Amino acid sequence: MYKKVIGIEFQENSGIVGVASELRHGRLVHSEQLDLLRIRRAAEQGIPLAAALSARESFARWIETHFANAAKARKVLPTILDIQLPFPLEDCVYQFLCLRKPGPKEAVRALAVAARREAVQKKLAVLQAENLDPMFLDQESLALWTQSLEEAPPSKAGDNSWRVVVHLGSERATVVIGKAREFINSYCVPSNDAAQINRVLTASLPTKGPAVEWFWSGPGAEDRRVADIYTQLADAWPGSSVIHNSPQTFLARAVAARAITRGPYRCNLRLGSLAHPAIQRQTHRRALYSAITATACGLTLCAASLFASFQVHARETAFNNYFRRLANDVAGYDIGGARGQHAVRIAREAATNRLARLKPFVRAFQPSRLETLVQIVNLSKKADLTLASLTMTPTRITLSGTARNWNACDPVLDFLKLAGYRVKFDRQEPVNDTRITFSITAENGDEQFQDN
Amino acid sequence: MNSSKITNALSIVAIIALIVGTAAAIFTTQRLIASHARLTAVIRDIEQLQACREKLSSSLASLAAFEQLPAPHPQLLTQMVAMLPSEAKVELGQESEQPAIAGWVVKKQELTINVAPFSRVVEFIHAAETGRPPWRLTHCMLRSSATEPGTGSAMLVFEALDKKD
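For the protein sequence lines, the chains are L and G, in the order given.
So the first sequence is numbered by the working numbering: it starts at 4 and just counts up by one.
So the second sequence is numbered by the working numbering: it starts at 80 and just counts up by one.
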């Protein structure tokens, strides 16, 4: 989007006039009227020009389709337009604007803007003869309509009222008809011919005599002339009548404003091979950048995919190698081609076997039984026990002997219990002797003692 | 070649690159999904093996300690009985061997001592158990003498690890 554009209009009496329009902080600012010399100078400085094809050289027309589906409607629009044209569509430049459905189940309609290629070339030739090459070639009726709405927005009360914009030239006038904000139709009639204007209104407006807001513009929109024409029409089409500010440059303002702002009914009929070289270069550059970007994206995708594939492969290989090393390590030998759970099973079985065969090595580091033996002997001495026999096996300790009293064995019993043995204690009442006969059986289910 | 032809050629290249790139991305994504499932299974297997290795590691550390011994042969009990009193009658049983792991064998030997001071028997056991590699007392049966306190007979069973050359 450009920030500054010069709108130009070829007028029969004054020649080419122009207005520079600029966007400043979001506000549109128009210059005073520029003469050809200043327009050329500005164009040489690189400021784009915008012109319009007149309503005689081009047209804007609503086209109805039979489809409620926009995509389907879009496909048939050129065919419908072709049927309605008195010349081949191939000889035209055209655009479809505002594809819309009036209601949810109604058919799609679109505004077709078209001009004969020949007319566009002629217009460009006329301007190029003056060393002017417009970048934008607008459609006059739409430009007049949107600018009229821009400069004199419809009041709330007049939302549904009819608006007629009459652009008066010296020889011809363009009549643009719309309702509220919607463009309806436009006509090119001889200037000063109120009867013709009346006729086109009768053809376009549904019933005679609805309220009409009249807006006047163009180099011929002088107070007296407007009053003359309006007087002839007011009886049939009564309503307010307003002459737009600076009517002389209204169309130039309109095309310039439309070139630099967004909004409805925007079009540029310099299309395809007729496009301005700058736009062609821009389009070409965009296409080139898009192609380069797409190529880069594709190559990046390929590279990223390859990289990811290699990474995944490397990671899987690393995990598999680690798994194989671990399995061999656990099994204690090379498990060969076994994989997954099969390898785990082999390694586990081998590990169980190895654990069993390693038990003597583990036992060698466990506390000696001699310590237990010495402890029992020492405690027995202290408690004045006389040991007749002492047997130690990996899981059992058996003691027998005599004690001086009923509870003398308690220290030994406590020691064995503390050491984790289940103790069975038998003692007998003394018969002749004063000493008590006892026997102690201590059992330990601890695994460390069981493999002997 | 004019710029329009270059753009057209580049557009074709772009389309091909995008198609190939997209195909590669789809293929890689599928591969990643499959690889994730495989890796999950491998990690589960690795965790099981690591648990096994943890169990093995302390046992293997014990083996390693034995492997580091300069002379991996226990002292002969027949030589060690010399430290017992000369009046003690010592009978050495048949030595048995059972294979363990990595060339090591578990030796077992029974020893019967008829009437000796228990203190000397304890000294003997202690001496046997402090050797490198050690003998380890697995069974013992002591029976006191009815006449002389502190003396008696003993039946001892020792085990030791020995490296076969």
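No lab work stands behind these hints, which were simulated from the structure alone.
Predicted, not measured: the structure shown is a model, and the values here were computed from it.
Among the hints, a few may not be true.
To spell it out: a stretch of chain L is covered by chain G in this simulated footprint if at least three of its residues, at any positions, have a beta carbon under 8 Å from a beta carbon of chain G; those stretches are [unchecked claim]: (1) 125-135; (2) 233-244; (3) 279-293; (4) 323-337; (5) 360-367; (6) 371-380.
Pairs of lysine-lysine residues, derived as DSS-like cross-links and limited to a Cα-Cα distance of at most 27 Å, are as follows [to be verified]: (7) L:362 / L:384; (8) G:243 / L:362; (9) L:385 / L:420; (10) L:6 / L:108; (11) L:78 / L:6; (12) L:362 / G:168; (13) G:242 / G:168; (14) L:104 / L:182; (15) G:242 / L:362; (16) G:84 / L:362.
Don't be surprised by glycine CBs; every beta carbon is placed ideally from N, CA and C.
Give me the numbers of the hints this structure contradicts, sorted from smallest to largest. 1, 2, 7, 10, 11, 12, 13, 16
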